Amino acid sequence: MSNNKNDKILEIKDVHAKIGNKEILKGLNLDLEPGKVHAIMGPNGAGKSTLSKTIVGHYDIDMTDGDITYKGKSIKDMEPEERALEGIFLSFQHPVEIPGVNNAYFLRTAVNAKRKHEGKEELNAAEFLREMKKYLELLGMKSDMISRSLNEGFSGGEKKRNEILQMMMLEPDVIILDEIDSGLDIDALRAVSEGINRMKDGKRTFLVITHYSRILDYIKPDYIHVLKDGKVIKTAGPELVAQLEEHGYDKIEDEKNEAENK
Amino acid sequence: MKLKINSLKGKSPEEIVSILGLKELLPSQQNALERFVELGLPTKKSEEYRYFDVEPLLEKEYELLEYIPKPIEESDHVEIVDGVVTSAPKGLRVYYDNCDALDLEHFDPMYYLGHLLSPRVIKIDLDGDNDVELIHRFTKSNALINYRIVLFNQANRHATLYESFESDNIKDTLALYGYDMHIMPDSTLSVVKTQSMYDDRYAMIASHRINVDKQANAILKTFDLGGDKALQLIKADLANYAHVEAGHLLYLNQAAKRGTVSKIVHKGEHATSNQEAKNILDGNARGIFDALIKVENSAKWTKAHQNSKSILLHDDAYMAAKPQLEIYIDELEASHGATTGQLDKKQLFYLQSRGIDYVEARKMLVMAFAKTLIETVKDTRHQERIQKAFEEAFYAGHKEKKDK
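Just so you know, the protein sequences line up as chains A and B, in that order. The numbering of the first sequence is our numbering, which starts it at 89 and goes up by one. The numbering of the second sequence is our numbering, which starts it at 1157 and goes up by one.
Since the hints were derived computationally from the structure, they do not count as laboratory data. Keep in mind that this is a model prediction, so the values were computed, not measured. Keep in mind that a hint or two might mislead.
Claimed, not checked - Restricting the straight-line Cα-Cα distance to at most 35 angstroms, the calculated cross-link-like pairs of lysine-lysine (DSBU-like) are: (1) Lys1501(B) x Lys247(A); (2) Lys1370(B) x Lys1160(B); (3) Lys222(A) x Lys204(A); (4) Lys247(A) x Lys1534(B).
Construct all of the structure, not just a fragment, from the sequences and the given hints.
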């Protein structure tokens, strides 16, 4: 990866983070380049989801040390909504259901909050619906999903598609996909991946957090970062995926330890 | 003439008549006086007022108003200003008359004080399938504004009364009003009340009596929003196959103390009642839902359900939820329950993570909670009005917090 500061859209510097009394991230360093797809892989409990929560300012996280800068500006003291308005988007592993909040109303509120933040005119209901319909078709979503309560009664696949719909409408600059493939059948995975790939414009940055390499067959990564015990222990190109498939995460750690002992 | 309501405490009927400056008592007043003396003034120990903090209201000195009827102007709604009718729609019968609808079994002493002070009541005849709007307006400071309304409807008809409240920039007034309703056989009478209060302009004690005749329906939806002090006390009696559908939404902020005390009495067979309260409390507000359903010996095959759900938005907010059943028969179906919780942090975070600010996200969640009650109001125009009033009260509460 380049060390040129201008090449980094998001810099995670020596971040330590706790959930309750347990330290999960233990001096994590990671730089994301604009326009690239970064995949984070790692075993259970490595801190993958904690990392995504830390970036978006989740209430569970107590970030005790380090800094996160986005477009050169520290975001560690920003509220979650400010981070979102600045262009950071997290697609949740388990999107919550919110009965009584209409999906279209929610999304229009979010889109207009972003437009307002960017000094653009807010969309009226008709303009918004027109815009949304384009994406619904692309994602193979039924039109009644927009009139239902947010994620209520949605299948796993529908929830993930809804996440991607939000992503497409909100046009963020950094997109974190937390286990986007979990619970998806092959058709849903294809539709979701297609939506994600359409968002790849050479400027947007993706951070794909995953257990398995399956999603990386659909969303081609530029970099693979291996996370273990709260730290990035290796960064390499996409060829690392095959190595991980074959030897698992322990081998990477052994190599790291050997290198450190030399 | 001025009155401290507390000055009536422990007094004999004759002394009360003298303090209130009453001359000849009508039969309804005589009955009201006897019951008032029997029940005594409410105190913080009185079951029905124990969460309301009534004593400071009774301690204040109020100006007693004179209620001189005025010519009623034609308008698209009924307007009652300081207890006097000023306008009404053409063709709607609104008039003053002696009260002939006093309930001698009401639990609220203030119901009887209201009747004692209001020998002539405002009668509204809801002929046919009417939708009527009623605006109560208060313009006097330091006053005791008391009036009683008797609502009539017709058998086999379905009428709805939408009531709301407005006030000038007044201070320290107490409004003491209420309905006596007799809902005719095979008819439906709906009352939809929306009351937004923002400061200490006026406090209110609204004491109602609803007599639901056989196969009649009483539908009561109340939306109490904002701050200040107000209590509605409702007694409803159900005849054979009668039905009561009551929904109460509270959104309170600041140091509000508001809510509902009710007693629904199943007297006839096969009567049904369903009472639901949703309460959202912010600041150091106190919400009240003290609701009793009584099923008498005669009320076989009753179905009675009541439920209270509360969301506390602040650590200092408090909900006094007391759903109760008092049952004297075996052949019935009944349930009651109460839950209190907070906003779901996961839901709140989800909305914020999409760029929706904290206040707006909270509003979306409380609105979602309140919506099921708002949507029970049939007319969508009124639904929108209630929703708007709710949002105004919500933003007013949050603006105040911000300003502090």
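Structure-based check of each hint:
Proximity of Lys1501(B) to Lys247(A) is assessed by CA-CA distance (about 19 angstroms); at most 35 angstroms being required, the pair is judged to hold. For the proposed pair Lys1370(B) and Lys1160(B), the alpha carbon gap of about 42 angstroms is over 35 angstroms, so the pair is violated. Restraint check for Lys222(A) and Lys204(A): the C-alpha separation of about 22 angstroms stays at or below 35 angstroms, so the hint holds. About 32 angstroms separates the Cα atoms of Lys247(A) and Lys1534(B), which keeps this hinted pair within 35 angstroms; it holds.
The structure shown violates just one earlier hint, number 2.
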